[in-house]
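There are 2 protein chains.
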Amino acid sequence: MKLILDCFGGDKGCAPCVEAAKKALGQYPDLSFVLVGDAEKIRAELKEEFPRVEIVHAPDVVTGNDKPTDAIRLKRESSMIKAIKILREDESADGLISTGPTGVLIAAATLRIGRIDGIRRPAFCPILPTMRGGIVGICDSGANVECSPEMLLQFAIMGSEYLKAAFHISTPRVALLNVGTEEEKGDDLHREAHKLLKAAEGINFVGNMESRDLLSGNYDLVVCDGFSGNVLIKSTEGTALELLKKIKKDIYSREIYKLGALFMKKMFEEEKRFMNYQNYGGSVLLGTEKIIVKGHGSSDATAVYKCIEQALNMSGSSLNEKIQKHLEREETTNV
Amino acid sequence: MKLILDCFGGDKGCAPCVEAAKKALGQYPDLSFVLVGDAEKIRAELKEEFPRVEIVHAPDVVTGNDKPTDAIRLKRESSMIKAIKILREDESADGLISTGPTGVLIAAATLRIGRIDGIRRPAFCPILPTMRGGIVGICDSGANVECSPEMLLQFAIMGSEYLKAAFHISTPRVALLNVGTEEEKGDDLHREAHKLLKAAEGINFVGNMESRDLLSGNYDLVVCDGFSGNVLIKSTEGTALELLKKIKKDIYSREIYKLGALFMKKMFEEEKRFMNYQNYGGSVLLGTEKIIVKGHGSSDATAVYKCIEQALNMSGSSLNEKIQKHLEREETTNV
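Residue numbers (the working numbering), protein chains in the order written: chain A, 184 to 518; chain W, 184 to 518.
Just so you know, not all the hints are guaranteed correct.
The list treats identical chains as interchangeable, and a pair is accepted whether it falls inside one copy or across any two copies.
[Stated by the list, open to error] Pairs of lysine-lysine, DSS-like flavour, derived with a Cα cap of 27 Å:
#1 K455 / K432
#2 K448 / K428
#3 K441 / K368
#4 K185 / K206
#5 K505 / K347
Keep in mind that the hints were calculated from the coordinates and are not lab data.
Turn these sequences into a full structure, and let the hints steer you where they fit.
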């Protein structure tokens, strides 16, 4: 197993990536890495020589201000674009991990990395914790802002197979994000997608879901167009973080609250950990021939390590073969 | 000022509406009500005779399971459809308050109640609290699942005037809900809407907003298509409620947490009150000739009273005249 690591995608330089890679090398004897980015800085961070580590120099960095098309054309010496190039050209490379800007990563991956036969567009599928202790996947969370009903069906297929393969959920309960639970709700796109999902034999479709029920634990996978999926995940994360911040501020506003909080320190730490989506790994891009995992820009070493584990999980489970078979089955049924 | 009250829209029967009406009658000597619904039950709840109160009997009830078109056609004796009819036909009626199903209310209001000249579609504008103590309006939050860029511009105009008139925000900061802050982000609809908003002279447009920043206090009004606006508000509310529920459950899991929580009882009550959107009133429907305020289905008397106050606020501020003037100004500039 060989993973390409874009070491200069995130906000924290290469330290988290290098640290995570070192840990993973210790854990997985068959794993090797290509670390891409400023070679001198990577070497300094590695401190010693490691077998199974190749360093590829890429002095430039893609930033959030770069337009995807410009970055692909003009920043060929950036860690992200070079990492994608290696993933494409090195036949022995299985996957790529990047904590760089999402828009550029999607554009570059869509342009440069092949797709599973029959898949129209790759889609992001991040994972959030639910209030019942389980998880819920959101597909697509922003790779495709314009979607067709057929694309939403494909997101359901890819997401279902991903949850089966990587999280061992035997028959994932799939919901369609909509403005109401009734079948006829929503715009044309969502009404049409509802019909397709209902008719799909290999999908355990349980109906429409309102965004307020995302964390309820009643669903394993939420299928959505990339625009509303993006609104959904960011508002869920944003609200949780803002509320925890507010509680913290309020605790400091009175001595008696501070006293009470002393007894509850562990609990608050636990809530914070629970709502920190970094602890659940990155967003995987489903539908590409090779594995791509996108970590959050502010990922620390633990978060990058989670992304590495996700890539290994996906690779070990022959996910892409399963997606392709499911797709073929569904198409045969629909004819 | 005369308000029509749909007394059997919500989950709790007519008690909250009747109680709120009684309170409002005491506070506002020029206010009169038409209470619509099962007359006998309303009379029982009123207990005594009230001047300035008319009761109109409507034995049927619209439920969440009714299709809007069916409800309008077949449930003419329901409290909501009859209330809309009175609003339309009684020239002295200024506005209507209902806690009934949103879909039916929008459809009935759109069909039966005239619009402000030039307004393409009415839009909902609920209000949420921000973490800095202020408020933020969301327009449209679900009345229109399919939108054009011009409609989004109109939502910005109506929402801005509403915030000025009802909340005394002198120049509301208007943001466009999008998947990223950069100008070129989003699908065609949002890119086009961005251009229109930027060019509009009477709008204090501050750019795109990601859903995670809704509660940041950096924005007064978020403009969105009804589909993603609906996803936004329901996930914000849902996440806050789920998180508070989780904290409560976790407190009960250990004796030491329960002890700590004793010191913080007031604070937790305050957080709960803060995140209870009912305390911020209902969603007003902007763009109709007469005032329509939609309260939450689970509204108690306090929440219904807030809705009544909102209707009075809107009426006293000549909001519709201001919206129409703004619209005319913007159209003259655009020619």
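ask   = Going through the earlier hints one by one, which of them does the structure break, listed in rising order?
value = 3
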